[in-house]
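Take these sequences, add in the hints, and give me the full structure.
In terms of our numbering, the sequence shown has 243 at position 213, counting the first letter as 1, and numbering is strictly consecutive.
Please note that a few of the clues may not be correct.
Computed cross-link-like contacts, PhoX-like style, restricted to lysine-lysine with a CA-CA straight-line distance of at most 25 Å [said to hold, decoys possible]:
hint, residue 1, residue 2
1, K262, K227
2, K441, K451
3, K110, K86
4, K227, K394
5, K399, K262
6, K394, K379
7, K478, K441
8, K227, K290
9, K478, K168
10, K268, K253
11, K399, K110
12, K110, K441
13, K451, K128
Simulated from the structure, these hints should not be mistaken for lab results. All values reported here derive from a predicted model rather than from experimental measurement.
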Amino acid sequence: MKTDPLVSRRMLLRGMGTAMALPFLEAMASAQTGKKASDAPVRMAFLFVPNGINMKHWTPDTEGALGVLPSTLEPLAGLKDHFNVLTGLSQYGAEAQKDGAGDHARSAAAWLTGCHPRKTDGANIQAGISADQLAALKRGHQTLFPSLELGCERGSMAGNCDSGYSCAYSHTISWRSDTTPVAKEDSPRLVFERLFKVENLSESAAARAKRQRYNQSVLDFIKDDATSLQKKLGAHDKQKLDEYFTGIREIERRISFLEKASKATGATAENFQQRFPANNKGALDYPEQIQLLGDMMVLAFQADITRISTFMLADEGSGRAYRNIGINEGHHDLSHHGRDAAKLEKLRKINHYHVEQLAYILNKMQSIKEGDKTLLDNTMLVYGGGISDGDRHNHNDLPLLLCGGGGGTIKSGRHVRYADKTPMSNLLITMLDRFGIPGETLGDSTGKLSQLF
31 MKTDPLVSRR MLLRGMGTAM ALPFLEAMAS AQTGKKASDA PVRMAFLFVP NGINMKHWTP
91 DTEGALGVLP STLEPLAGLK DHFNVLTGLS QYGAEAQKDG AGDHARSAAA WLTGCHPRKT
151 DGANIQAGIS ADQLAALKRG HQTLFPSLEL GCERGSMAGN CDSGYSCAYS HTISWRSDTT
211 PVAKEDSPRL VFERLFKVEN LSESAAARAK RQRYNQSVLD FIKDDATSLQ KKLGAHDKQK
271 LDEYFTGIRE IERRISFLEK ASKATGATAE NFQQRFPANN KGALDYPEQI QLLGDMMVLA
331 FQADITRIST FMLADEGSGR AYRNIGINEG HHDLSHHGRD AAKLEKLRKI NHYHVEQLAY
391 ILNKMQSIKE GDKTLLDNTM LVYGGGISDG DRHNHNDLPL LLCGGGGGTI KSGRHVRYAD
451 KTPMSNLLIT MLDRFGIPGE TLGDSTGKLS QLF
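Okay, structure coming up:
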């Protein structure tokens, strides 16, 4: 006999103006629709790192199955079966094409668009729609938020940031149209409020103030609805819901701790958002910020709040110093290494640190079960940047990882080499195809990639 699901995928837990989405549960399966508990949706994410890579310590020696990883990729050793190293892909749109200097701006603007940005620092900016926003346009209606844009540096969307290129080009990788860049959010508090306390006009200012004054969890406001729901669930779903709530409460605690610590050191949003800080005194804690934003992206995927996200670990051209790993010089300056061994080693350490953050996010995804798969199995995540060697500013043979199983359609655990200058846009349209959006072109794409499936 056909039955309806016990719980709707669209169900929200409500209370005192708060509305919270649910993670994917077995009770959401339906005999009537033919869907099973393992039929979780595919997600798509793009994690961007700036200024190029010390490629000597990035690229595996041989093609095929991954063996001993290069030192920069060592943090991913326990995840070798869940990612591919892709070499040979390029973004021609980031090349100068007679526009002179400005490789940093062009590399970010072209990374997900495949388009050469117009050289201007005025209002007439132009690039192209990015892969994430094309996916959001076609499939974003299926979730509460069409897409989620995150970053660890606020960045300006106006002004001249790179040799006559608008700051908008360097400070986002997401473009809603060829003239509309999408600003990212760097505040863990604002991301949390947006995702897990769905804006509800019925919540009065007094109720919001009370929640903040008494340091109440958003979970305290939906506990009656949550208790009622749990009575309908099986043991596995109850455990899954408890894990989800625990994750939300832990994020709330960490955000509160981060904000208190920042106030104690005199940190403000303004001094944190400086693009090239002379020092990191008073700045928000960068490692904690990365992991908080990463955790919220993962929880947003788990709850199907969104299926599409971009995350810039730093803006292109960022001069951030990584004092947390003993590096006092700015990242951008070190990337102009001139083959200096000391600078190259410091660049390798920064690259290694960023990959550690990727490993943290991937392990979170791998820990979340979705039927007989995991969240990582149901995700396609691209990690990398739009510059290969920061000293040469070249945009061919880009540092790129494709992580996750794409719903079981991607064969991972390999180093896959393509012919030099194969458009990276071919990877993007291949991902769109696996996301349920076939037949698209993007920027300079020439066709879908082989060898991934």
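Structure-based check of each hint:
1. For the given pair, K262 sits about 23 Å from K227 by alpha-carbon distance, which is consistent with the 25 Å threshold.
2. For the hint pairing K441 with K451, the CA-to-CA distance comes to about 23 Å; that is within 25 Å, so the pair holds.
3. With a C-alpha separation of about 19 Å, the suggested pair K110 and K86 falls inside the 25 Å cut-off, and the hint holds.
4. A hinted pair counts as satisfied when its Cα atoms are at most 25 Å apart, and K227 with K394 qualifies at roughly 22 Å.
5. Taken as a hint, the K399 and K262 pair is honoured in the structure, with Cα atoms around 20 Å apart against an allowance of 25 Å.
6. Taken as a hint, the K394 and K379 pair is honoured in the structure, with Cα atoms around 23 Å apart against an allowance of 25 Å.
7. This hinted pair checks out: K478 and K441 have alpha carbons roughly 15 Å apart, not beyond 25 Å.
8. Between K227 and K290 the CA atoms are separated by roughly 21 Å; this keeps the pair inside 25 Å, and the hint holds.
9. A threshold of 25 Å between alpha carbons decides the hint, and for K478 with K168 the separation of about 19 Å falls inside it, so the pair holds.
10. For the hint linking K268 to K253, the alpha-carbon distance of about 14 Å falls within 25 Å, and the restraint holds.
11. With a C-alpha separation of about 19 Å, the suggested pair K399 and K110 falls inside the 25 Å cut-off, and the hint holds.
12. Taking the CA atoms of K110 and K441, the gap is about 12 Å. The hint holds against a cut of 25 Å.
13. Using a Cα cut-off of 25 Å, the hinted pair K451 and K128 holds, with the two alpha carbons roughly 19 Å apart.
In this structure, every one of the numbered hints holds.
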